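In the order they appear, the protein sequences are chains E and F. Remember, the numbering used here sits 1 above the position in the first sequence when you count from 1. Remember, the numbering used here sits 1 above the position in the second sequence when you count from 1.
Think of the hints as simulated: they come from the structure by calculation, not from any bench. Being a predicted model, the structure only gives us computed values, none of them experimental. From the three backbone atoms N, C-alpha and C, an ideal C-beta is built for every residue, glycine too. It is possible that part of the hints are untrue.
What the hints assert, rightly or not - Partner residues are not named here, just some residues of chain E that face chain F (Cβ under 8 angstroms, in silico):
1) K3
2) L6
3) E15
4) G19
5) M20
6) H217
7) P220
8) K226
9) Y227
10) F269
11) Y272
12) L298
13) G303
Protein chains: 2
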Amino acid sequence: MKKLLNKPGEEVREMLEGMALAFPDIIRLDPQWNNVYRAYKKPNNRVALVSGGGSGHEPAHAGYVGYGMLDAAAAGATFTSPTVPQVLAAIKEVATSAGVLVIIKNYSGDVMNFTSAVKMAQAQGIKADYVIVNDDVSISEKERRRGTTITVLVHKIAGAAAEEGQPLEEVKRIAQKVIENGRDIGVALTPCSVPAAGKYTFELGSDEIEFGIGIHGEPGVQRMKYMISKELAKMMVDKIVEDLKLQKGDEIFLVVQGTGGTPYMEKFVFYRDVRQYVESLGLKVFWSWIGEFMTSLEMQGGRVAILRLDEELKRLLIAPAYTIAVRVTGPMLAPIVS
Amino acid sequence: MKKLLNKPGEEVREMLEGMALAFPDIIRLDPQWNNVYRAYKKPNNRVALVSGGGSGHEPAHAGYVGYGMLDAAAAGATFTSPTVPQVLAAIKEVATSAGVLVIIKNYSGDVMNFTSAVKMAQAQGIKADYVIVNDDVSISEKERRRGTTITVLVHKIAGAAAEEGQPLEEVKRIAQKVIENGRDIGVALTPCSVPAAGKYTFELGSDEIEFGIGIHGEPGVQRMKYMISKELAKMMVDKIVEDLKLQKGDEIFLVVQGTGGTPYMEKFVFYRDVRQYVESLGLKVFWSWIGEFMTSLEMQGGRVAILRLDEELKRLLIAPAYTIAVRVTGPMLAPIVS
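Let the hints inform the model, and build the full structure from the sequences given.
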């Protein structure tokens with residue numbers, strides 16, 4: 002697999018170095034661990050937010066460290082959970098007296114390592130709690146659903162609550178509200194390849210797609226014949242609308258993204274099809290993001306995420322944020338797409 | 002070729018519809034032509050900027066329409082120049098009494114159609130002039146060099162001069178200064194495919210790359226064996242440094258980008274390698290952008306652009322801009338990468 006990388010296995014450290022070189026006003030890299038922290042520490046009376054996970058999902062999660070979102074991101078090796086000591090180091094570095102909320106994607110390795118780190122931090126006298134994001138609607142049983150794009154919306158919305166000075170219990174309640182009202186689904190046109198493995202995570206025929214794809218290049222829940230954007234948009238939105246029991250007139254936040262290797266032409270056509278279809282159902286789009294938010298290396302494909310909004314979520318969603326990947330400088334100023 | 006698109010040939014209109022649906026506060030789509038204009042018209046005493054070209058290079062050019070950059074972008078079919086009447090319509094729509102500067106990439110079709118439109122606009126009493134961008138350093142003869150990434154920097158810098166209220170002659174002089182001091186070079190790890198053609202623009206072996214690639218999927222100037230990011234960074238920077246005769250201590254603006262299908266992990270590793278190498282040469286990086294700025298559909302690979310700066314170019318580069326793809330909300334606030 003040809004990649005713009007150097008030695009396989011070095012890609013995570015080198016990527017984080019690149020991010021820190023480009024954005025020293027936003028982040029700093031912890032050279033002992035592959036952890037990224039805010040360049041400027043949050044006040045002690047504000048709840049700190051920690052997240053992370055395997056790499057390969059960029060800009061998640063280091064791209065979301067900064068004002069209004071995360072305080073720390075622990076970057077594991079590509080598609081591999083960060084270790085317990087690494088996550089514990091992140092929690093200890095950014096902990097405030099208001100407490101720490103740890104945001105975990107629902108994968109067994111992440112859940113085990115992040116919850117262990119939370120327990121160890123608590124044993125060391127740190128006020129810490131966690132939430133687990135399981136938004137991938139392609140899987141029927143809720144407890145087996147994987148954590149994907151809604152994780153980023155938890156960063157954004159719980160992060161804004163933390164900046165407002167809300168206590169840990171409230172920040173957790175709001176994070177949980179995002180999880181309960183958000184769903185995501187993905188489709189892959191091509192597989193991806195982990196640098197150290199040097200081969201594709203699965204094989205796909207030239208007329209096949211993987212519907213309900215995870216973010217680690219694992220096969221989707223259903224292999225299907227290729228469909229055009231409009232048909233995929235309908236199938237994906239229907240899955241979410243049904244599961245969230247969305248009603249005509251509901252206000253939603255819409256995220257339409259590529260999976261890492263999807264060009265902007267396709268992202269904008271797919272956005273158009275998703276947007277026109279949700280509006281045909283009578284849903285009201287309050288705001289949208291189009292870009293790359295929770296990706297799978299060089300995979301080509303798309304993901305749709307929908308969050309049902311209420312006044313509290315709307316207020317926190319459009320609150321200011323200043324990170325590498327999401328900048329909100331005023332109400333309704335969308336993250337830019339380049 | 003599987004793409005998140007609908008009927009081949011409809012992709013440009015549908016993409017522009019998606020952009021206009023997502024960003025109605027920034028752009029509006031002209032339904033007769035595939036032209037994109039600012040949502041809010043510029044004052045009549047400011048020079049207007051018009052650009053455009055074949056589609057497939059997103060976010061170029063519609064993504065650069067807005068405050069501080071373009072007033073109009075004419076989007077041709079994929080990899081095909083817009084027509085003379087289309088460009089003329091764009092010029093007429095946004096023309097002010099201060100005049101119009103048309104920014105053309107150096108491709109025979111673009112040069113012919115855009116200069117014809119300028120002449121027709123002049124014949125109709127519109128004050129209009131143009132510049133031609135030829136920054137692709139991989140080709141030796143200057144007049145044959147193609148227009149690539151520096152075009153976007155002309156949009157940004159000449160656009161800022163126009164907002165300042167500088168006259169057409171000055172805006173043109175500044176645009177020309179950017180062209181003289183900027184160079185770009187690209188490498189492809191994979192080819193791309195035009196939707197209507199349904200096949201790759203060239204074939205590449207699994208251990209081959211195309212060095213000096215253009216932005217239309219045309220083969221590069223040299224087919225080479227695969228090299229790692231660090232080696233490519235050195236080769237590409239050397240080409241630019243030699244051609245621009247850059248000296249130790251020179252201040253530069255650095256753009257490191259993917260070619261459409263390059264994931265962020267690779268863009269940040271490649272950025273790190275380019276940045277460390279230019280700094281090892283004693284060049285001073287004033288600011289950088291990392292993302293996708295002038296792409297080639299789903300091609301995987303990278304481009305490096307360098308602009309030699311002086312005080313005038315620095316002032317205009319960091320001036321405010323508000324477009325879909327580039328937002329500068331204050332000095333040194335980089336465009337975000339998601």
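For each hint, the structure was consulted:
| no. | hint | result |
| --- | --- | --- |
| 1 | K3 | holds, 4 angstroms |
| 2 | L6 | holds, 5 angstroms |
| 3 | E15 | holds, 5 angstroms |
| 4 | G19 | holds, 3 angstroms |
| 5 | M20 | holds, 5 angstroms |
| 6 | H217 | violated, 14 angstroms |
| 7 | P220 | violated, 16 angstroms |
| 8 | K226 | violated, 10 angstroms |
| 9 | Y227 | holds, 5 angstroms |
| 10 | F269 | holds, 4 angstroms |
| 11 | Y272 | holds, 4 angstroms |
| 12 | L298 | holds, 5 angstroms |
| 13 | G303 | holds, 5 angstroms |
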